[in-house]
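K.L.:
If you want the building blocks of each chain, they are given just below.
There are 2 protein chains.
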Amino acid sequence: MTDELADWSTAADRLAEVATDRSGSPDAGAPDLVVRARSVAEVQTVARFATAHGIALVTRGGGSGLAGGAVAGTGSIVLDLSGLDRIVELRPADHVAIVEPGVITADLDAAAAAHGLFYAPDPGSVAISTIGGNIATNAGGLRGAKYGVTRDAVLALDVVLADGRLVHLGAGTLKDVAGYDLMSLVVGSEGTPGIVVGATLRLRPRPAVTATIAAYFASLELAAEAAVAVRSTGVQPSVLEIVDGATLGAIDRLAGSHLHERGEAFLLAQVDGTDVTAEVAVVEKALVGATEVRSSTDPAVSAELLAARRLALPAIEATGRALIEDIAVPPSRLAEAVRRVHAVAEATGTTIYVFAHAGDGNLHPIIVVDAEPGAALPAAAVDAADRLFALALELGGSVTGEHGVGLLKQRWVARQVGPDVDGLHHAIKRVLDPAGILNPGKAV
Amino acid sequence: MTDELADWSTAADRLAEVATDRSGSPDAGAPDLVVRARSVAEVQTVARFATAHGIALVTRGGGSGLAGGAVAGTGSIVLDLSGLDRIVELRPADHVAIVEPGVITADLDAAAAAHGLFYAPDPGSVAISTIGGNIATNAGGLRGAKYGVTRDAVLALDVVLADGRLVHLGAGTLKDVAGYDLMSLVVGSEGTPGIVVGATLRLRPRPAVTATIAAYFASLELAAEAAVAVRSTGVQPSVLEIVDGATLGAIDRLAGSHLHERGEAFLLAQVDGTDVTAEVAVVEKALVGATEVRSSTDPAVSAELLAARRLALPAIEATGRALIEDIAVPPSRLAEAVRRVHAVAEATGTTIYVFAHAGDGNLHPIIVVDAEPGAALPAAAVDAADRLFALALELGGSVTGEHGVGLLKQRWVARQVGPDVDGLHHAIKRVLDPAGILNPGKAV
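Residue numbers (the numbering used here), protein chains in the order written: chain A, 1 to 444; chain B, 1001 to 1444.
To be clear, the hints were calculated from the coordinates, so they are not data collected in a lab. Zero decoy hints are in this set.
Covered, in the sense of this in silico footprint (three residues per stretch, anywhere, with C-beta under 8 Å from a C-beta of chain A), are these stretches of chain B: (1) 1083-1095; (2) 1135-1144; (3) 1159-1173; (4) 1271-1281; (5) 1395-1404; (6) 1409-1420.
Below, a sample of chain A positions facing chain B; criterion: calculated Cβ distance under 10 Å: (7) V96; (8) T173; (9) G234.
Idealized CB from N, CA, C, for every residue including glycine.
Construct the complete structure from the given sequences, taking the supplied hints into account.
P.N.:
Printed below as a string of structure tokens:
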């Protein structure tokens, strides 16, 4: 096969580079071959070869996944799509971009900005993750409160099937009910039913003004109640985030700031539109019990107000090895969820920081452990993670809101969906990938 | 089986009532049995029976479908879910409703209103169609420009499979990437992979104010260009509609109004929010070339301005038997699409009216024919419909935006998606319904 490919390697150092992602998953061994695809035809060649020989094929983009979806494993072929990074077409009047999967998410947003448009999904990894990876995990982000997740921005996909056939899913229009929605099936499927080699994406006009509202509360319960109140005003914030006191303390230690003394919880909201004066007033009024509220439409001030959220993850990661969890609950149960996350920390003797996309009930409890990257996790951390997943299900939620299943949550997904749906997942996987070569052991 | 069911019939008059829908599909013959389900357990009983005996099972709600999705046929069992019409739970703080499939769409919206919420999808049939039917077709509506289609409001589904098993798809949270998105696969699938017996739906806070902006233009091209301009302002209208001159004439004949003399095209926009003064000004400014613009936030005036859109379909139906088509194109090609629809009318000697959801590029060309309901269609009308579908594909669109495939568009969907994807649709259908009993011959 390699005589048909322009860029491949079996060198140990190159293989080590593509063997894993940012999930901290245990080492699954080195792949046998890495192919950096230069064209869709090359992707088809590799898929046909892998199917013919029954070799596991693991597709990767930026390698920024947090659930192990791109962890390769001994004997596998890694298909690196980061070189397929062209923005093929921007159609400003339709608010549409057609891109290759290796485009960096922030680069698409920048290209859209030149036409007064933006690409709404903004996972924390925008600067390093690819559109293909965002599609594989159905990535969310801060602006999801108003603009939804990656699936809400996907209008059509070009997908190479396990047997090498290239299919086009979705009409590319905003509305389409012609046949089954296989496009949505592929979004969030971690490359297990097919390999995304092209995407037609929805852009949106950039709002004229964005206001940032930052508030501190004496307790996390009060902040969570305020978030519920904001959601019920009729104003749709584009961003609605909560950060707990422990995380504020970590930011203070990293940045030398004094955020934690201002409260035990931080709430950040943004509203965008044509003139958001009235909306800002409504949101401010809903922040009952806040000890401090600041609002601004000045980008410099907004950036300053955003810092307490933007620094949350780096500050936590500065304290130790961070296991980034990702549970979703009904928004009204956010306060209860955070309270019980803290109880899990106490019961297991672990350190757990929490920040949350309060607008859509998606929490990131971060378990910090005293263990080197790649080393086995302490039993207490594993126990804590299991308790967090059980908590998500007990509250009527999901064990993953936006990071995906990967290697880390197989068992929990089966438990969440139940044996019948798990069986359907595998039966559909067999239809699309009879030889089971596409990213085996992930997603389902 | 019938000893396990509370309400069933083999009476000819009752069977005739449930044999078809509002699509005007040719008569496919009377079913053998109609079961009006009283419980999920009864639905499971019927599914098991149909699978065991290889009998076609056609599920129906309000019978308001426009594509033949609920047309039964000789020898089939009709499963009528209109009696499963309870709103099981409203959770205002989460903006969630849990409903049975037979709930009338407008009734859910009214129940939500009591909590300051609304149910966004608003197909023209809201007063008679059911949530189950809306899910089966992924119904759209006027407010889709801002709030999307039915799928965007579905958070989880309870589905009875062909073999009678009950499964729950989706987590019910706003974000969930645990396993494949089978929930989206079921939405718009016309009951062919399973029977929806329950839905967890997203509600939204009712906006404080809605402004209506109505404009007339000397030509449809100008109106379509104005719609593209509005979409690019950064203001997101909740409603953005266009009505052609012929339709205005039909409304005048029905209502005794004088709309057509005001222009050859009517554009209707709504913006909703907290204070939409600035948005209205931006939209008005984008309506370049309008001969007349009126705006109001007064509900009575809004209702009057809406009349030219609200009466479009009844006015056309008053002129003869109406074949309601439903193509989607990229929004920037709307003017071209309408111009070419008119060319199709000329080439085929047919009468075609057009109105469109300009916000999302979804056109409804309405072919009016001189034939009794149920009678065979004139060859010219069939030819015109075929040319419209070909036009949709040529413009990079879809042969159905929101009405579905049903019986009427089988051939065209296969052409739109191509043989490989068509093959996948059928393979997935076989996984979920091996005996092929669920609404056979529909959707895929």
